[in-house]
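Q: Chain A is fixed; fit chain B onto it per the hints.
The listed protein sequences correspond, in order, to chains A and B.
Under our numbering, the first residue of the first sequence is numbered 1, with each subsequent residue one higher.
Under our numbering, the first residue of the second sequence is numbered 114, with each subsequent residue one higher.
Hints may contain errors.
Said to hold, decoys possible - Simulated pairs of lysine to any residue, SDA-like, Cα-Cα distance not exceeding 20 Å:
(1) B/K169 with A/G98
(2) B/K155 with A/R109
(3) B/K155 with A/A38
Because the hints were derived from the structure by calculation, they are not lab data.
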Amino acid sequence: ETGVTQSPTHLIKTRGQQVTLRCSSQSGHNTVSWYQQALGQGPQFIFQYYREEENGRGNFPPRFSGLQFPNYSSELNVNALELDDSALYLCASSRSEGLNTQYFGPGTRLTVL
Amino acid sequence: QKEVEQDPGPLSVPEGAIVSLNCTYSNSAFQYFMWYRQYSRKGPELLMYTYSSGNKEDGRFTAQVDKSSKYISLFIRDSQPSDSATYLCAMSADAGGTSYGKLTFGQGTILTVHP
Numbered sequence: 001e002t003g004v005t006q007s008p009t010h011l012i013k014t015r016g017q018q019v020t021l022r023c024s025s026q027s028g029h030n031t032v033s034w035y036q037q038a039l040g041q042g043p044q045f046i047f048q049y050y051r052e053e054e055n056g057r058g059n060f061p062p063r064f065s066g067l068q069f070p071n072y073s074s075e076l077n078v079n080a081l082e083l084d085d086s087a088l089y090l091c092a093s094s095r096s097e098g099l100n101t102q103y104f105g106p107g108t109r110l111t112v113l
Numbered sequence: 114q115k116e117v118e119q120d121p122g123p124l125s126v127p128e129g130a131i132v133s134l135n136c137t138y139s140n141s142a143f144q145y146f147m148w149y150r151q152y153s154r155k156g157p158e159l160l161m162y163t164y165s166s167g168n169k170e171d172g173r174f175t176a177q178v179d180k181s182s183k184y185i186s187l188f189i190r191d192s193q194p195s196d197s198a199t200y201l202c203a204m205s206a207d208a209g210g211t212s213y214g215k216l217t218f219g220q221g222t223i224l225t226v227h228p
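Next comes chain A alone, as it looks inside the complex (with noise of 0.2 Å):
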């Protein structure tokens, strides 16, 4: 069984720049949430896709965007990088029988300069 994966793992950008991170779901998983995890905290959940819709957002700005696509797997956009987006951001996969049970991926750190 593939566990969740996430890519890059590293990335630095500029105030204003526009990123996106990538995450492949665990195999059979039809679900995926995205959580930003700021130095010193718990993540906090930005928003879930479920059948490439979304499916729920937290307290984030529109300039946080996301996609999935037909195989399950899923994007996420930041507009307008500003410098407190700098945090690892985490992918979690899951059923959408069984939401609360969520696997998460390894993250990726954005630093924002």
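A: What follows is chain B alone, placed relative to chain A:
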């Protein structure tokens, strides 16, 4: 006030000790309670998953949920240096609830088990 409060520690214990990690919460809609372990620079790993109140045991780990007090605990028996990590509690509402499937995490407790 945060929906989920977790003492960030850090917590340092000798090998073999019993470790107690705790979270409190304010949202009475939470029905699912999870504990994750996160090693440095890694993603969280699901350790324990419980529904509603009660206890659940898995090897050296025991999870307890007291919904009347809005308090959950994770106990680690015979702690090992390999248990050194950050432990995160997470919660979610039942199906039909607005936060179903959207996990709300505590801040995490940093645990070090020294030989």
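Q: If a hint holds in the structure, say so; if it does not, say that too.
A: To see whether the hints hold, each was checked on the structure:
no.	hint	in the structure
1	B/K169 with A/G98	18 Å, holds
2	B/K155 with A/R109	10 Å, holds
3	B/K155 with A/A38	13 Å, holds
Checked against the numbered hints listed earlier, the structure breaks none of them; every hint is satisfied.
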